[in-house]
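A.B. asks: Read off the chains here:
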Amino acid sequence: MGVILDVTDLHIEFHDHGFPEVAVEDFDLMLEEGEIVGIVGESGSGKSMSALAIAGLLSRHSITKTGRIMFNGDDLLTCDRKTLRSYQGDEISMIFQEPMTSLNPVKRIGWQVEESLFIHHPDIDKKKRKEMAIEMMLAVGLSDAENIYHMYPHELSGGMRQRVMIAAAMIGNPKILIADEPTTALDVTVQAQIVELLKKINKERGTSIIFISHDLSLVNQLCERVIVMQKGNIVESGATERVFGAPQDIYTKKLIAAIPKIDIGN
Amino acid sequence: MKYIIKKVISMIITLVVVSLCVFLAFSIIPGDPALKKLGTEASPELIAQTREQMGLNDPVIVRYFRWFTAFLHGDMGKSYNYSVPVSGMILNKIPITLTMAIMSFLLTIIVSIPMGIITAKHEGGVLDRVVTVINQIIMAVPPFFSGILITFIFGMVFKLFTPGGFVSYSDDFAGFVGYLVFPSIAVALPKIAMTVKMLRGSVIDEAKKDYTRTAYSRGNNTNGVLYRHVLKNALIPVITFLGMLLADMIAGSIVIEQVFGIPGISRILLTSISNRDYPVVEAIIMGIAMIVIVTNLLVDIIYRIVDPRIGIEE
Amino acid sequence: MRNKCAEVIKKIKKDPYMCAGVIITVIILLMIVVGLFWMPYEPTKMSASEKLKGISFKHIMGTDNMGRDVFSRVMYGSRVTFLIALGTVFIGAFMGTLIGALTGYYGGLFDEITMRVIDAMFAFPSILLALVIVSVFGTGWIQLLFSLGIAFIPSFARIVRGEVLRCRNTDYVESAKLQGVSDVRMIFVHILPNIKGVLASSILIGFNNAVLAEAGLSYLGVGSQPPYASLGKMLSDAQQYMFTTPSYCLCPGLVIVLMVLGFSFLGEGIRRWE
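Protein chains in written order, with our numbering: chain A, -18 to 247; chain B, 1125 to 1438; chain C, 29 to 302.
Possibly wrong hints are sitting among the right ones.
[Claimed, not checked] Subject to a maximum C-alpha distance of 25 Å in a straight line, what follows is the list of computed DMTMM-like cross-link-like pairs (lysine to aspartate or glutamate): (1) K235/A <-> E23/A; (2) K46/A <-> D1296/B; (3) K1131/B <-> D211/C; (4) K1332/B <-> E(-6)/A.
Just so you know, the hints here were simulated from the structure itself, not pulled from any lab data. On a predicted model such as this, the values are computed, not experimentally measured, just so you know.
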């Protein structure tokens, strides 16, 4: 298995209020092919920022980014926009926390699922695109795909919308899927289903997944490796079993201690 | 479908209320229409007889129903001043005013939508700031003043049209439309400024929403996000706004007709108001109200077709 | 206190919109206020020898077709326009707020009927509505003031009603209700202060619309009657002399533009204040 994504010394700074505010400092990540890595930490710890930087979605002028994000021989931080766009949605996809607002409210589901194909593979004709979209939607567990294809986002539940997001992200068969708190806005039962779905995608397609969450038990279920972040810094990283079994850092210990445990009688 | 029926019923109610208000307003005015029709020298007997003929002795509600049902049948009564049917006086004027309003409306759409998009796309840039200031200034210029300026600049200095040289649509349709170009610009100018401002704000608001981030994550470039995702969302509130504008433009046309010497509805309305020729005033007002109300209904339906979240079925 | 003033002035200087708005509005107000006490000429005084003169030291805006001083007439006319616009907004905002607050707060049949009438009135653009009401009342500036005032009620009533409906369901109103606050107190003490921001900006916009509507209607000849001046009427008289004496037409026109522009820049400035 080879390294597919290599992030070194990622440093992100905001200049919104006249002075620099550090959001992420010295972030490193080596993502292997077919691996699921979790990034945990409380809100504001810089985990989402790092993910957005990897996905190439931090492009405002008031943000400075240094370091290297190597993918396919290109540094995503410095390569030209066109190269970056050619990866976005095709090689590197992302799903977000809010399935309610992350879909375009006035476009049909099918259109949105197909969009990456439309952008990156204009040679595929309309009929074939639809076929692929339906197939993908079925694969993510949208069993009524034919109908849903013609629906609008507001007609679907949160869990279904997140499945649509996943279908749209996976349709180009990307090498990396970045999932930024994909389950936070969902019901607990739906959360488990989405996690299972990500597991299945990883197993069947070999997609590497970066799974960002503040829910340690979900990370524990899904990830082989975990990175713990606090205030923009990585405080601990390693195999999930090791980090959760024998945490070294005080902050990690606190996080683990804070997981609610269910005691049943004995 | 159910929604449309509901809307149509509400539209009819509004129309009845409008007609009732209009009729009542003009029946409480002091002054005797019979006297007005016959002149002050008429004998009391003749006046009494005429009053009876005109049905003025009936209770106001009876007169209202008589007037309203006649109106629905296309009979708008007779002018007090000219003793000719009102419909004959106004029907051939309506196309003039309406053509001008529609031309202004099209002009507004054609100019303001690209401008709104461009200024929003380059928010904070030089072009955006210049257009924003010009917009503010244009909105402050009353249409009749810009009409005067346009007449002076394009009519008198550049001689692109002959001020006062109106051509009837029945004589020369192309000439008719040609003469209306500059008046339409005068009507449209402030509306263009408003629409640009509105669309610009709407695009900027939409561009901040989460779905644009999703769109970028799929490899869209700025134009892709703008035209394939943001634009349709941003246009939805603008549709309602444009619907209101159309009504405004009909009113705006009335003032502009006066500036450019166009013999549309405006001239009859103004002379009828100063002559207290109420059947004519009532008919014109009812006509405009009907156009406005029907436009509102259409806008509402279009709005529901465009925005899938509301839907036509409710 | 002085510090605070200095700070406000500094802030105004920093925003070009605010700056321009303040300067223009002050100039217009100055012209109106000075006009109350002193005008270079009697605005109705005609002079056969001074007809249609251009701009000069003697007549800084020239003279009109009857030899009257345009600047004096503009001073008088802007006073008329300003007062009518002010009165219009006052009537519209006061009655509109009252109707909107009551219908929004109580709802029910009263609301239903009032809103139907308001909707019906709303079917007309305000200038047309005012024209209709003028035709009922007759021409003259007082009639014009009331016509415009009534024509402006629906938009205020709609805005206030919407805001009151929104406020009525908030937690603080619910809790005030539980404490037994009377309806009148609820509307005037608890709800209305919460919508003053919305109301203030609609008043500013309404004022500008009122200036434009007044100008338009007096252009059509339904405002103040000759020989007294109103800016719109001056423009309609001046139109035919545009080619020979442009100053006669341009000056009153520009004053209308500046009056509206000053307030719209102020509004824009206030919007950007934070």
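A.B. asks: All the hints need checking, so say for each whether the structure fits it.
C.D. replies: Verification of the hints:
no.	hint	result
1	K235/A <-> E23/A	11 Å, holds
2	K46/A <-> D1296/B	67 Å, violated
3	K1131/B <-> D211/C	33 Å, violated
4	K1332/B <-> E(-6)/A	20 Å, holds
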